[in-house]
Structures are given as structure tokens and as C-alpha cells.
Amino acid sequence: MATEQRWAEIAIMASGDAAQEAIGAVITEVVGIAGYAATAQTVTTYLPVDERLENTLLTLKAALTDVKRVHKIPGSSDEITVRFVAEEDWATAWKQYFKPQKIGTRIVVKPTWEAYDAEPDDVVIEIDPGMAFGTGLHATTRLCLTGLETHVFAGASVADVGTGSGILAVAAILLGAGSAVAVDNDPLAVRIAAENVSFNGVSSQVNVYEAAEPPPGQFDIVVANILAHIILALAAPLFAATKAGGVLITSGILAGASAEQVAAGLTKAGFRETQIVTEGEWASVVARA
Amino acid sequence: MAKKVVGIVKLAINAGKATPAPPIGPALGGYGINMMEFIKGYNAKTADMIGSIVPVVVTIYDDRSFVFITKTPPASDLIKKKLGLASGSGKPNTQKVGALTQQQLREIAEQKMPDLNAGGSIEAAMSIIAGTARSMGVTIKD
Numbered sequence: 001m002a003t004e005q006r007w008a009e010i011a012i013m014a015s016g017d018a019a020q021e022a023i024g025a026v027i028t029e030v031v032g033i034a035g036y037a038a039t040a041q042t043v044t045t046y047l048p049v050d051e052r053l054e055n056t057l058l059t060l061k062a063a064l065t066d067v068k069r070v071h072k073i074p075g076s077s078d079e080i081t082v083r084f085v086a087e088e089d090w091a092t093a094w095k096q097y098f099k100p101q102k103i104g105t106r107i108v109v110k111p112t113w114e115a116y117d118a119e120p121d122d123v124v125i126e127i128d129p130g131m132a133f134g135t136g137l138h139a140t141t142r143l144c145l146t147g148l149e150t151h152v153f154a155g156a157s158v159a160d161v162g163t164g165s166g167i168l169a170v171a172a173i174l175l176g177a178g179s180a181v182a183v184d185n186d187p188l189a190v191r192i193a194a195e196n197v198s199f200n201g202v203s204s205q206v207n208v209y210e211a212a213e214p215p216p217g218q219f220d221i222v223v224a225n226i227l228a229h230i231i232l233a234l235a236a237p238l239f240a241a242t243k244a245g246g247v248l249i250t251s252g253i254l255a256g257a258s259a260e261q262v263a264a265g266l267t268k269a270g271f272r273e274t275q276i277v278t279e280g281e282w283a284s285v286v287a288r289a
Numbered sequence: 290m291a292k293k294v295v296g297i298v299k300l301a302i303n304a305g306k307a308t309p310a311p312p313i314g315p316a317l318g319g320y321g322i323n324m325m326e327f328i329k330g331y332n333a334k335t336a337d338m339i340g341s342i343v344p345v346v347v348t349i350y351d352d353r354s355f356v357f358i359t360k361t362p363p364a365s366d367l368i369k370k371k372l373g374l375a376s377g378s379g380k381p382n383t384q385k386v387g388a389l390t391q392q393q394l395r396e397i398a399e400q401k402m403p404d405l406n407a408g409g410s411i412e413a414a415m416s417i418i419a420g421t422a423r424s425m426g427v428t429i430k431d
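Each protein sequence line maps, in turn, to chains A and B. Take the first sequence: its letter number 109 is residue 109 in the working numbering, and every next letter is one higher. Quick note: to get the working numbering, add 289 to the position in the second sequence (first position is 1).
Since the hints were made in silico from the structure, they are not lab data. Heads up, some of the hints might be wrong.
Taking lysine to any residue pairs in the SDA-like style, the calculated list, with each CA pair at most 25 Å apart, reads [unchecked claim]:
| no. | chain 1 | residue 1 | chain 2 | residue 2 |
| --- | --- | --- | --- | --- |
| 1 | A | 99 | B | 383 |
| 2 | B | 293 | A | 185 |
| 3 | A | 61 | B | 383 |
Please take these sequences and the hints and turn them into a complete structure.
As C-alpha cells, then:
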């Protein structure tokens, strides 16, 4: 087995375009490294740890001193920090974060590649994060999923406003809803939601399209995981879309004052009762029409 | 869905040839995003620019989703192309590899303008480009 590859992580303090461009030029042109990463304060690059490393670091240091002292580029620095890092499987490291997760009592959100032994009552939603679009494991999504689990009944009609990955519309159907209409104002979200809907085999029951407003008609359950100010702005159309006696489940709201405001706004729009459920710093406001 | 930005990473990497090796792997790995998806997307978007370094700004959200925007090539890349250089100087202070005319400097500055914090001033942009040129051993003709 080959020895483990090690890398020297070289961080150089640099702020502003001028300094980052100049230091980038030193890295790629003077030292000959193929690329670098930059954040607001730092330019970072990597060199394999081998017999040339020391020499390359000296070249780099000298060129950086030139940039700082001779060329006087504002924000540039010749201070470098070297840290040694072991080679990892960076390509697949992210997968460790995606594990099947049980939400509420029955819902399981499962990455497509993970095995999961479903219990008879489990409602398994398969999501492929290869599509790079959220995983449904965010607190706001969990709050909405739990809300759906509580309120969806067999044959219910559901509207999902701001569907994103489509996970809530899919969950509603898998929980027994008869049909769902999912809208999002982002065409990319619409495409991805449609893919997830299809992947979970619920295409015939879920209609996904691009819109910034709740869909026309009235629904037993309306779910909107967006942002507090958007929910407030949409309070009237959301009320109009909720059947008398139906339920609106909202999230994307910070717990505290923001949640109180949304509850007040929904009451003003006509909802009879509101309930605030929180998880960590996030809240879901559930309102009955 | 409410999404909080947890990181913004700017990468300057070879167009069409991104791999999970450094600097991309360690720069993005810590955020737990789907790296192959980024690499696939970046390589697809920059396939017709192979041979250039094409910077990209990746914005990562708290649900580990991300978006990226490719930028204009770095000034050093444009300077090399303009002068037909294979690479910059290894000793930029003493060993000069070329010289840009004011006109050439202006052309590069105009091309880079959209991505520079030059406040819309072409002079400020030209001074940023001139700084990069000096740091790679390229002088500016008056």
C-alpha cells in the first residue's frame, strides 16, 4: 500500500480584489500551483508534501515579500501559515451527512444510496441529494413534515407553496393525501421537485409548476415553507387557498418575535386559530381556517 | 425555504478539469456539500475554456445546498494571453518576462471590470491589473 499522501495547506492573509489577484498570480505564475481558494481574508492553496516542498515555500515567501514590500499592493501580506493535512476522500466525504432520518413517528427521509429496513408503518421518502438541492433535513422541513404527519388524512387535497425539492408534496401523498399541487417561483426548483416526485412514484398525484402565488382553488391542507415576510405578504391568498376548517402549515420562520408576527398576520387574514411549534431557532406556525 | 448562507468560497481553478483534489476538496469538503455535483457542474460550464483558470464563487447554505457563479479569468491569465507568455516570472522583482502597453492594460481592465471592486472606475481597475502584472514579473510601459 502506498504511503498516505499528505498536503501542505498554505494560507496567506489577503483582503480585497487587488491583493487576492496579485497573490493568486504569485501562486499560479511564480510558484506554478494549479489553483487556489479564497475567502474574505485569506487565499489558500495546497502543495503535496514531498522533497520539493521546502524549496517551493521559499520561492513563495520571496515572491510574496516582493508583492508586499516592493509593489505595495494594498491588503497584500507575506505572512503564510502552513498546516499539514492528510488526503481524504473529499469527493464522497459529504455523504456522511446524509443518513436515513426518522422524522415525526412514521416519516423516513432516505438518501437513495442508503439501505433502510422499513417498518410496516414507515413512510419512506427517497431523496437524491446528487441533485444538489437540500436534503429535507433542515429544521424547517422537519417541522413541516411533522405538521403534515399530524394533519394529512386519506384523500386530502394539498397545496405546497414554495415547494423547493418537492419533499413536502411527496410526503403529503405518501402520508395518504389524494392529490397535491406544488408551486415554486424558481424554475430550477420546479425541475428538481418534478424529478423527486417522479422518483417517488407519485407523478400521477402531484402537479408541479412555476408560480409565486398559491395555486387557484381551495385545499384541505396548504403548506408553505418559505420565509416569514413572504408568508405575511401572502397571508390573504394563503387564507383564500385554505378550505374552511382546513389547515395552513407554515415555516421558514425564526422562533420568537417573527413567529408571533406571522401568527398575528395569519389571524388578521382570517384564520381562526394559530399554533406555534418550535425546533431550535426555527418555528412553524400552524393555522386553522 | 429559509436558507442561511454558511460559507462563500472563491476558487481559481483550471477550466473543465476540476477534481476533488486540493484546492477544491479541502476548500469545499468541510461544508459537507455534494462535491461531485459541483465538479460536474463546473466542468460542464467551463468546458469551452480549457487552458484558462476560471474562478468560481460557491455559496453554501445551511442545508448543504449550494450555488456557483463562474467569473472572468484572473488578471494573471489574461496578462499571459495578451503577451503570449507561457508563464510568469519565478523572480518577479528582478527577472522581467514582458511588458504591457497602457492600451493592453486598459483592454484587460475592461474585460475584468465586472468582477473587480473598482467602483466603476477604469483607472482603479487598471491599477489592480498593473499590480497583478508586477507581481508576476510583467512591467507596464508608460
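Here's how the hints hold up against the structure:
At roughly 56 Å between alpha-carbon atoms, residue 99/A and residue 383/B are farther apart than 25 Å, so this suggested pair is violated. Proposed proximity of residue 293/B and residue 185/A is supported: the alpha carbons are some 19 Å apart, at most 25 Å. At most 25 Å may separate the alpha-carbon atoms for a hinted pair to count; residue 61/A and residue 383/B meet this at roughly 15 Å.
Of the numbered hints listed earlier, the single one contradicted by the structure is hint 1.
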